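Trainee: So the chains spell out like this:
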Amino acid sequence: MIEVQNLTKRYGPFTAVDDVSFRVEAGEILGFLGPNGAGKTTTMRILTGYMPATEGRAVVAGYDVFTHPVEAKRRTGYLPETPPLYPDMTVREYLTFVSHIKAGRMNRAERDERIRSVMRKTHIEDMANRACGKLSKGYRQRVGLAQALIHEPEVLILDEPTAGLDPKQIMETRDLIRSLGGTHTIVLSTHILPEVAQTCQRVVIINKGRVVAVDTPDNLTHQLKGAASLYVQVEGPADATGALQAIPGVMRVRVSDRSSGYTGYEVESEPNRDVRRDVARTVVEGGWGLVELRPMRMSLEEIFLQLTTSEQAEEARHG
Amino acid sequence: MADTMHNITAVAGKELRSYFASPVAWVLMGFWAVVFGYFFNVYLTYFVETGMRAGMFGGPPTLHVNTDMIRPLLGNASVLVLFVLPMLTMRSYAEEKRSGTIELLLTSPLTDVEITLGKFLGAVGVYSALLLVTLVSIVILFGLGSPEWKPIAAGYLGLLLLGSSFLALGLFISSLTANQVIAGTVTFIVALLFWIINWAADTAGPTLGPILNYLSVTQHFDDFGKGVIDTKHLVFYLSFIVFGLFLTVKSLDTERWRG
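Sequences listed follow chains V and S, in order. Take the first sequence: its position 160, counted from the start at 1, is 160 in this note's numbering, and no numbers get skipped. Take the second sequence: its position 141, counted from the start at 1, is 460 in this note's numbering, and no numbers get skipped.
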């Protein structure tokens, strides 16, 4: 439904988006994850036809956003980072205007029904006659979402849809987005990790304009956790690698750090097999003196940090 | 085609609503009505007094309401246009950029031409309302005497074209910035430049002189004031408008590339 190929956006010497490629299948919810300034908004703005790419191609709902912008836009709903509201208009006036420019001609009854149904979906019926400029942050965001839905688009692009909402509103918005998945193809950006785990089927992690990883949230967690790992620290400049390696269920042992008088090992074991007891016994029986033993579990946060900082480390090494 | 019309009217309607929903249009209309009323009063008094004096002492025999009253009145209205219209167009793009609503317009299935024409027609709508206000005074004249309507119609057509040229200019300048005040000020300065450019024509020599004269927006208005509709002037104003709108469309496109 969305196909992005080698997308690059440069502002003078600064590269905001660097050779980004990914696909989103129909009905899928894709999370766009990255720190602020990673190029999420720029990528979304290219997808919605707000700005052209310097290089590369983006096809949305079967239409190239650069060569057939109007056709692509007709099939795309977009919620920018700040909801684009006119403060003087009431919510109903605003949605009427947006329905005119996005959904084109239709008869009055049909338009009214469309507006009512969108307001129902986003829970803003109570605010229909309130001026947009007088709405709370939460309601603004919801009117922004209503605006994105009004022309019943196949594709939804949501830039930080839960930013600035209170926890209850965040829950509601996530539920709404999840309920829209399946019938809509959704790309949402966020820098909040649990959001991705809870709403998205697939994640694109982007940092400094480049895609660092694409996978399901579960796979990302598994893959990077590398089965189950333990960290073991022993006294002395000992060589316990062989002994640890001999423990049944252990797949790999690696010296991770060596400081004055201590040696740290990373012990990787088969999934779903607890080797802690055996590791402890081996160390003690070997007479090395067990200092520390803990599981190395990575949360999505750590994966994210690892991916985005290893990138920086690599760059520092090269540069 | 029908879709294009629908899109243009949708944008124009939104523009009109936002002008009248904010104090801008009303303040301008009040200012405009007061100043125009003042001009009207001055010219009417002058006209009546000169007429009476002529009747009593046998001065210059014929004063005509069209040439001696309405023509200078519309001439002054055209000066007023210069001050009022920059305030009308200054927010049109600048405000959308500042508040981020430009993102809504540019990601909607609208072409840049549709957006620009919509905004232009919205502004012309408000300007037409300003002109309508002045018609009240003219109607009073019809009650008092019997002016000819044709020169008046020509004068109003001239005002409409002159103003629309400034609106196209103002839209273009507003599309270059996100700051209303800058948009308004620069529009005023550039409009003023087009206004006074022919003052240098007499001393500018045989080549440059006629060019400066041609570029002057006032120069082209004079004939309309006299009640003459000359194609030459129509072409000037229409090309001024088309060129201004063309630049606005291009500026929107450049804005996309610059991001």
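Among the clues, some could well be false.
Chain S stretches covered by chain V per the calculated footprint, using a threshold of three residues with CB under 8 Å from any CB of chain V [stated by the list, open to error]:
#, stretch
1, 322-331
2, 336-344
3, 505-512
Read the hints as simulated data drawn from the structure, not as lab findings. Quick caveat: nothing in here was measured; it's all calculated off a predicted structure. Heads up, the beta-carbon is just placed ideally off N, CA and C, and yes, glycines get one too.
Trainee: Output the numbers, in ascending order, of every earlier hint that fails for this structure.
Mentor: Of the numbered hints given earlier, the structure breaks just one, which is hint 3.
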